[in-house]
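Quick note on the working numbering: the sequence shown kicks off at 1 and runs consecutively.
These aren't lab readings, by the way, just hints derived from the structure by calculation. A couple of the hints might just be wrong.
[Stated by the list, open to error] Keeping only pairs whose Cα atoms sit at most 20 Å apart, straight-line, the calculated DMTMM-like set for lysine to aspartate or glutamate is: (1) Lys39 <-> Asp9; (2) Lys23 <-> Asp9; (3) Lys5 <-> Glu16; (4) Lys42 <-> Asp4; (5) Lys42 <-> Glu16; (6) Lys26 <-> Glu16; (7) Lys39 <-> Asp4; (8) Lys23 <-> Asp4.
[Claimed, not checked] Okay, the calculated beta carbon distance ranges per label pair: (9) Val18 <-> Asn40: 33 to 41 Å; (10) Pro61 <-> Gly38: 38 to 46 Å; (11) Ser51 <-> Gly15: 30 to 38 Å; (12) Thr60 <-> Arg29: 12 to 20 Å.
Where is the CB? At the ideal position from N, CA and C, for every residue including glycine.
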Amino acid sequence: MKYDKLIHDYISRSGETVCALAKRAKVSRATLYRAMQGKNIKVNVARSILSSVGYHLTATPSGDKQ
Numbered sequence: 001m002k003y004d005k006l007i008h009d010y011i012s013r014s015g016e017t018v019c020a021l022a023k024r025a026k027v028s029r030a031t032l033y034r035a036m037q038g039k040n041i042k043v044n045v046a047r048s049i050l051s052s053v054g055y056h057l058t059a060t061p062s063g064d065k066q
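Model the full assembly from the supplied sequences, consistent with the hints where possible.
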């Protein structure tokens, strides 16, 4: 699942405002809106936002590429 969907789902379920979530995640509203649009954001920013909505960002191998 893409991170933008996770953020939208969280906001819908929780009723928390974008402003409040951005403040809690320690990112700007503009950055949070970019994330919600599925635009590229820095990994540490994605980690902060996802952590704020109850997820952990992890890296996993994508296949048998060598």
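We went through each hint and held it up to the structure:
no.: 1; hint: Lys39 <-> Asp9; in the structure: holds (17 Å)
no.: 2; hint: Lys23 <-> Asp9; in the structure: holds (18 Å)
no.: 3; hint: Lys5 <-> Glu16; in the structure: holds (15 Å)
no.: 4; hint: Lys42 <-> Asp4; in the structure: holds (14 Å)
no.: 5; hint: Lys42 <-> Glu16; in the structure: violated (23 Å)
no.: 6; hint: Lys26 <-> Glu16; in the structure: holds (15 Å)
no.: 7; hint: Lys39 <-> Asp4; in the structure: holds (9 Å)
no.: 8; hint: Lys23 <-> Asp4; in the structure: holds (17 Å)
no.: 9; hint: Val18 <-> Asn40: 33 to 41 Å; in the structure: violated (19 Å)
no.: 10; hint: Pro61 <-> Gly38: 38 to 46 Å; in the structure: violated (23 Å)
no.: 11; hint: Ser51 <-> Gly15: 30 to 38 Å; in the structure: violated (19 Å)
no.: 12; hint: Thr60 <-> Arg29: 12 to 20 Å; in the structure: violated (30 Å)
Hint compliance for this structure: hints 5, 9, 10, 11, 12 are not met, and every other hint is.
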